[in-house]
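Work out the full structure, taking the sequences as your base and the hints as a guide.
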Amino acid sequence: MRALNCFIDDVYNAQKILADGIVPADIVLESANYLGPCAGVSPRFGAWAHICGSDVVRDHNGQFFVLEDNLRVPSGVSYMIENREITKRVLPELFENYSILPVDDYPLKLYETLVALSPRARRRPNIVVLTPGIYNSAYFEHAYLAQGMGAELVEGIDLFVGDDDCVYMRTVDGPFRVDVIYRRINEDFMDPEALRADSVLGVPGLIRAWRAGRVAIANAPGAGVADDKVIYAFVPEMIQYYLKEKPLVKNVPTYLCMHDKDRDYVLNNLDKLVVKPANESGGYGIMVGPHSSRETHKKFVKLIEKDPRNYIAQPTLALSTAPTYVDGAIAPRHLDLRPFILQGKDSWVTPGGLTRVAMKEGSLVVNSSQGGGSKDTWIVESKS
Amino acid sequence: MSMLSRVAERLYWMSRYLERAEDTARIVSAYNHLIMDIPKGAEPGWDIMVQILDAQPHFEQRFRTVNEQNVLKLLVADNKAPCSITYAIQTARENVRTTRDVLPEETWELVNELSLFAQEVAPNSVGRRNRHAFLAEVISRCQTINGLLLSSLSRDHAYRFIKLGRLLECADMATRMIDVGVGDIAERADRFRAVDPLLWGALLQGLSAASAYRREVGPIVDRQAVVNFVFLAPAFPRSVKFCIRDIRNELGKLNGSEEALKVVGRIWRRLQRLNKQAMTQAELHTFVDEFQMQLSNLHEAIEAAWFRADRQ
Numbered sequence: 349m350r351a352l353n354c355f356i357d358d359v360y361n362a363q364k365i366l367a368d369g370i371v372p373a374d375i376v377l378e379s380a381n382y383l384g385p386c387a388g389v390s391p392r393f394g395a396w397a398h399i400c401g402s403d404v405v406r407d408h409n410g411q412f413f414v415l416e417d418n419l420r421v422p423s424g425v426s427y428m429i430e431n432r433e434i435t436k437r438v439l440p441e442l443f444e445n446y447s448i449l450p451v452d453d454y455p456l457k458l459y460e461t462l463v464a465l466s467p468r469a470r471r472r473p474n475i476v477v478l479t480p481g482i483y484n485s486a487y488f489e490h491a492y493l494a495q496g497m498g499a500e501l502v503e504g505i506d507l508f509v510g511d512d513d514c515v516y517m518r519t520v521d522g523p524f525r526v527d528v529i530y531r532r533i534n535e536d537f538m539d540p541e542a543l544r545a546d547s548v549l550g551v552p553g554l555i556r557a558w559r560a561g562r563v564a565i566a567n568a569p570g571a572g573v574a575d576d577k578v579i580y581a582f583v584p585e586m587i588q589y590y591l592k593e594k595p596l597v598k599n600v601p602t603y604l605c606m607h608d609k610d611r612d613y614v615l616n617n618l619d620k621l622v623v624k625p626a627n628e629s630g631g632y633g634i635m636v637g638p639h640s641s642r643e644t645h646k647k648f649v650k651l652i653e654k655d656p657r658n659y660i661a662q663p664t665l666a667l668s669t670a671p672t673y674v675d676g677a678i679a680p681r682h683l684d685l686r687p688f689i690l691q692g693k694d695s696w697v698t699p700g701g702l703t704r705v706a707m708k709e710g711s712l713v714v715n716s717s718q719g720g721g722s723k724d725t726w727i728v729e730s731k732s
Numbered sequence: 403m404s405m406l407s408r409v410a411e412r413l414y415w416m417s418r419y420l421e422r423a424e425d426t427a428r429i430v431s432a433y434n435h436l437i438m439d440i441p442k443g444a445e446p447g448w449d450i451m452v453q454i455l456d457a458q459p460h461f462e463q464r465f466r467t468v469n470e471q472n473v474l475k476l477l478v479a480d481n482k483a484p485c486s487i488t489y490a491i492q493t494a495r496e497n498v499r500t501t502r503d504v505l506p507e508e509t510w511e512l513v514n515e516l517s518l519f520a521q522e523v524a525p526n527s528v529g530r531r532n533r534h535a536f537l538a539e540v541i542s543r544c545q546t547i548n549g550l551l552l553s554s555l556s557r558d559h560a561y562r563f564i565k566l567g568r569l570l571e572c573a574d575m576a577t578r579m580i581d582v583g584v585g586d587i588a589e590r591a592d593r594f595r596a597v598d599p600l601l602w603g604a605l606l607q608g609l610s611a612a613s614a615y616r617r618e619v620g621p622i623v624d625r626q627a628v629v630n631f632v633f634l635a636p637a638f639p640r641s642v643k644f645c646i647r648d649i650r651n652e653l654g655k656l657n658g659s660e661e662a663l664k665v666v667g668r669i670w671r672r673l674q675r676l677n678k679q680a681m682t683q684a685e686l687h688t689f690v691d692e693f694q695m696q697l698s699n700l701h702e703a704i705e706a707a708w709f710r711a712d713r714q
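Protein chains in written order, with the working numbering: chain H, 349 to 732; chain V, 403 to 714.
Some clues are possibly wrong.
As the list claims (entries may be wrong) - Reference listing, derived: stretches of chain V covered by chain H, where coverage requires no fewer than 3 residues with Cβ under 8 Å from a Cβ of chain H:
#1 404 to 417
#2 655 to 669
#3 697 to 704
To be verified - Here are some chain H residues the structure puts well away from chain V; computed CB gaps all over 12 Å:
#4 Arg518
#5 Glu585
#6 Gly721
Simulated from the structure, these hints should not be mistaken for lab results.
Note that the structure is a prediction, hence the values are computed from the model and not measured.
Here a beta-carbon is modelled for each residue, glycine too, at the ideal position from N, C-alpha and C.
Pasting the structure below:
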């Protein structure tokens, strides 16, 4: 996370890593995720991605790998907390014999992270959660976190930017200044003035206010530049480059279709690989090679040849399984783990996380938008 | 703690629509009783119901003949017409859905259950046999929700905007009731004068005002006394005067209420002038019309002061 934030801060400012040729400049600067209006900004603590959900998997040898880092608007944290609530209710006996680290203080930790970002020194800065509205599939979580932090849940129309470049919310007692926005809308929809002009969800002038340092936004606009499956392949190099450290958890080997050698390998071994578009989330547009038909393979050959920059491939990992209750019986199902990482003044990782389960037998796709389920996960304190 | 304008507006509309659902159920129910009591040939026309509830455009879109069946289809079970009970309930539900965190926990459940009930039962409640049970259930569930808010909601902005919505809708419906009587009687021939007290009695019931009227005014029901009671009764909570006085109290607790209070002042003076004077039917009709215009001005003043996005 620290390395990723260093990377984002670097590419929007000095661009050293690009100059040193560690990461090819064109894949960063030509990416749809690189937002021009963010260049030259230095958010406090050098933190752009304040909230990150990293997906971790374990292979057949028990080795952990990082699958990806979600830096835009990672969701699912409310499921982590609710799953624990339910486990406590259904299996209270288990909690007698183990010392299990609690996860339900997440809203409080998030609150502390956000408070530290406030441009005004106040005892209780005005924090808001910006949601696209009731029809968003994660609306429940937005409301949940807002309530947990005692923050106002706002939509784009509730906010406006004044002539003084400050952000205000419209209340029945008049304008009320906002210090920190925890945004749960995609960055390209945030500000029709600076980004997508057709956005009706955003707040005109928001980027202007943020650039002027009058409001803090988490995650900062532009953070998505590091949330790209091609950039992901360079994360180990970033850790080495910025922190002079070796990564503790490995990346999954990744083939970049933009490189001729990698592309040839991918096109000849489609039946062994998982192919992913570089810039999608929610498990859309993914092909799991061994589970796909010849027609699908052919379709992906065309897609990759047409736009190699936008595709990566990884070996199909034998993801670990856990016993799962399915149709009245216990059966093994594949899963991954998403711990949430907060970074600002301090760093903090949830002692636990959202464990996502592929409910279909043999399936490796765990995304909830593709029918996946979830589980509670414990970090148990060992007796020493 | 202040409140987002958007949240305040949704609470206000939730409350207006709940009151509208309840009052429409009352009017339909009262009319329903009335038509069974009145001799053949003297029945008031069903088109009055359509006029009173501002339902002409929607009615004409769907039906050609004005009869009991069609009018009730529209007012009870039409999901798309803003004058119908089911539409009012649906809209109230949509408004609670996004404001549930400022309301007592059970509010959402009660409103959601009411909405599910209406969706399921309304289509089969158009006929005379099932109509009464449905309307009574709607009224009772609305009263439960109002009772919950009255007993468990903190007296903060949320309560204030909910109260404003309910009072304004209530005053508006009371004036519409008077219009039913005026409109009907004006159209009827003199030989049926004898049924007038029946009609006014039914209207009082529509406002749940029958027993309050009997205790305060007496058992004899005549037009002038009913008009005076509905507009001016100082202690009856559904009288227009009572609603307006309460609106003035609530407005006084909000910042930026100057314009709205001016409109209330004008409404108040008009009510004072009504004082006990005898009016012809035509005059009364004009009075009610103008009064409703003023209520609509009051709504606009509230909207401009606290809800409108472009005001700041």
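Hints versus structure:
1. Counting residues of the stretch 404 to 417 of chain V whose C-beta sits closer than 8 Å to any C-beta of chain H gives 6, which meets the bar of three, so the coverage hint holds.
2. For the stretch 655 to 669 of chain V, the stated coverage by chain H is satisfied: 3 residues place a CB nearer than 8 Å to a CB of that chain, which reaches the threshold of 3.
3. For the stretch 697 to 704 of chain V, the proposed coverage by chain H is not satisfied: 0 residues have a C-beta within less than 8 Å of a C-beta in that chain, short of the threshold of three.
4. Some Cβ of chain V comes within 12 Å of the Cβ of Arg518 (chain H); the nearest lies about 4 Å off, and the non-interface call is violated.
5. Under the 12 Å C-beta cut-off, the non-interface status given to Glu585 (chain H) relative to chain V holds; the minimum distance is some 45 Å.
6. For Gly721 (chain H), the non-interface assignment is confirmed: its Cβ lies about 26 Å from the closest Cβ of chain V, beyond the 12 Å cut-off.
Hint compliance for this structure: hints 3 and 4 are not met, and every other hint is.
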